[in-house]
Amino acid sequence: MSCRQKRAFLDSLAKALTEISKKDANPATITLVESLSSLADNFRPRIACSPLSPKLWDTLNNYLSELLSSDLPKAKRMVENLRDSVLSLQMAELSWQQRTITILGALAALTFLVTGPSLPFYGLLGSSMIAIARPIEGGILSVFWALFLSVTQPILGALVAFAAMMTTFSFVPPSLNLEVPKVEVEAPSEEEVLKLFEEVYGRKGRDLFYFELKQLMIYGMTKEEALSELWKRLVGETT
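Numbering (the UniProt record's numbering), first residue to last: 1 to 239.
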């Protein structure tokens, strides 16, 4: 079952899409909306939360808030890290959930082999079924029934209790890549790009250069990124 923090992240993601969609429909904004929409489409809220998940989802929610308050070039880099981190966390949760269900079921089967259709067996079997939707609760119930089993089967009961406890709380958190790398853009100077524009387009080059530069910056590029993009375009046209 999803925890409150995971549901809060999903709510924040939906609000972020609504807010960004209201902004000017320039290419940078459209790209950001598409990335967040892809993240929302691939989100799997039914995956159960592990014992450590609440703190991790809080961290991702804070990162999403920082993303929304950042400029577009920075936000575009941050959304890639956010998408990868959400995927890693959900895959880790799913792996933990499946492992917990499998091992709790195996412990119930082991108990059946030793005790037959006993009360502890049915209790452990029911706990493993509860774990399908609620792994933590199912694991805790398995420990309870294992302790009950230890009254008549001390060694088996202790073994089952230890295995159930270790399985339920053995979630290994993934490494979340939430750094925002500073991308150094190697751009020619404004004078160099302007000169190339004038060489290619003649008298119209100067006006065209400043028009194109302004448009790219409106679309969310930094001045260095815009100069680099214009340089690449012209070099491609002249080679």
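Keep in mind that a hint or two might mislead.
Computed spacing ranges between beta-carbons, pair by pair [as the list claims (entries may be wrong)]: (1) Ile132 x Leu10: 15 to 23 Å; (2) Asp71 x Phe162: 48 to 56 Å; (3) Arg46 x Ala158: 13 to 21 Å; (4) Arg44 x Glu66: 20 to 28 Å; (5) Phe162 x Gly126: 14 to 22 Å; (6) Met165 x Ser65: 29 to 37 Å; (7) Val200 x Ala8: 26 to 34 Å; (8) Gln98 x Glu19: 29 to 37 Å; (9) Val180 x Arg7: 23 to 31 Å; (10) Arg7 x Val235: 32 to 40 Å; (11) Leu94 x Phe211: 48 to 56 Å.
Calculated directly from the structure, the hints in this document are not laboratory data.
Computed from a predicted model, the values in this text were never measured in an experiment.
Virtual Cβ for every residue (Gly too), placed ideally from N, Cα, C.
A quick look at each hint next to the structure:
| no. | hint | result |
| --- | --- | --- |
| 1 | Ile132 x Leu10: 15 to 23 Å | holds, 21 Å |
| 2 | Asp71 x Phe162: 48 to 56 Å | holds, 52 Å |
| 3 | Arg46 x Ala158: 13 to 21 Å | violated, 34 Å |
| 4 | Arg44 x Glu66: 20 to 28 Å | holds, 24 Å |
| 5 | Phe162 x Gly126: 14 to 22 Å | holds, 20 Å |
| 6 | Met165 x Ser65: 29 to 37 Å | holds, 36 Å |
| 7 | Val200 x Ala8: 26 to 34 Å | violated, 53 Å |
| 8 | Gln98 x Glu19: 29 to 37 Å | holds, 36 Å |
| 9 | Val180 x Arg7: 23 to 31 Å | holds, 26 Å |
| 10 | Arg7 x Val235: 32 to 40 Å | violated, 50 Å |
| 11 | Leu94 x Phe211: 48 to 56 Å | holds, 50 Å |
Figure legend: structure checked against the earlier numbered hints; hints not met, in rising order: 3, 7, 10.
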